[in-house]
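Engineer: Spelled out, the chains give:
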Amino acid sequence: DTGVSQDPRHKITKRGQNVTFRCDPISEHNRLYWYRQTLGQGPEFLTYFQNEAQLEKSRLLSDRFSAERPKGSFSTLEIQRTEQGDSAMYLCASSLDGRSYEQYFGPGTRLTVT
Amino acid sequence: LAKTTQPISMDSYEGQEVNITCSHNNIATNDYITWYQQFPSQGPRFIIQGYKTKVTNEVASLFIPADRKSSTLSLPRVSLSDTAVYYCLVGEPGFQKLVFGTGTRLLVSP
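Listed in order, the protein sequences are those of chains A and B.
Reminder that position 47 of the first sequence reads as 47 in our numbering, one-by-one numbering, no gaps.
Reminder that position 29 of the second sequence reads as 29 in our numbering, one-by-one numbering, no gaps.
If we strip away everything but chain A, and leave its shape as in the complex, we get (with noise of 0.2 Å):
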């Protein structure tokens, strides 16, 4: 068990381009979950996945955010036209079914956008 891994770890970006972050779940969860957090909040829920599924959205994932999870495996989150408000750290997290209770987390991708 190697954990879930999110790559890059940092990312810098200039306003106005598009960005792409990747998680890697523990191989037998199957539920994957993607969350952001500002300096001195706790994590904001952004969406998750059961396998392939895209079960729940927030309202915090505008449409210049994509996530997906081809063949319920790895994920990816992007950002579109990014903007310095999306400046944050983005984590990733996942869980079996009927232990969603119990997450567990990347070590997430900081995105700067300057």
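Read the hints as simulated data drawn from the structure, not as lab findings.
Everything hinted at is true.
Straight-line alpha carbon distances no greater than 25 Å define the calculated SDA-like cross-link-like pairs of lysine to any residue that follow: (1) B:Lys69 x A:Arg99; (2) B:Lys3 x A:Glu102; (3) B:Lys69 x B:Ala28; (4) A:Lys11 x B:Phe39; (5) B:Lys97 x B:Gln42; (6) A:Lys57 x B:Glu92; (7) A:Lys71 x B:Lys97; (8) B:Lys97 x A:Pro70; (9) B:Lys97 x A:Asp7; (10) B:Lys52 x B:Thr5; (11) A:Lys11 x B:Arg45; (12) B:Lys54 x A:Arg99; (13) A:Lys57 x A:Pro8; (14) B:Lys97 x A:Arg99; (15) A:Lys57 x B:Lys3; (16) B:Lys97 x A:Arg59; (17) B:Lys3 x A:Thr38; (18) B:Lys97 x A:Glu28; (19) A:Lys57 x B:Arg45; (20) B:Lys97 x A:Glu102; (21) B:Lys54 x A:Gly98; (22) B:Lys3 x B:Lys69; (23) A:Lys57 x B:Phe46; (24) A:Lys57 x B:Thr102; (25) A:Lys57 x B:Gly101; (26) A:Lys11 x A:Tyr104; (27) B:Lys3 x A:Arg99; (28) B:Lys3 x A:Tyr101; (29) B:Lys97 x A:Gly85; (30) B:Lys69 x A:Gly42; (31) A:Lys71 x A:Ser5; (32) B:Lys97 x A:Gly72.
Dock chain B against chain A, hints included.
Structural biologist: Just chain B now, kept in the frame of chain A:
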């Protein structure tokens, strides 16, 4: 989801027992209480979950009174490495998403 209230910060010294209390006056019958720990520059980590009375694992104990309107996370004999933010969450065990507040920032000093 029930709203939770925790102290913003707490200070302690190595070797002491730390108790962090969380208030959740509007907890529903089916809700469980879950605690997460987050170190700087890392994702949160599940610590413990309980419904009533007392739950203990190798990391912490969770005390829940009969009315369940509050809960206390107890960390025995803390060390410097316990410096972290601790989040109290309340929800049904099958809830799909975790709803974090601002948590309690614990600082353990030598």
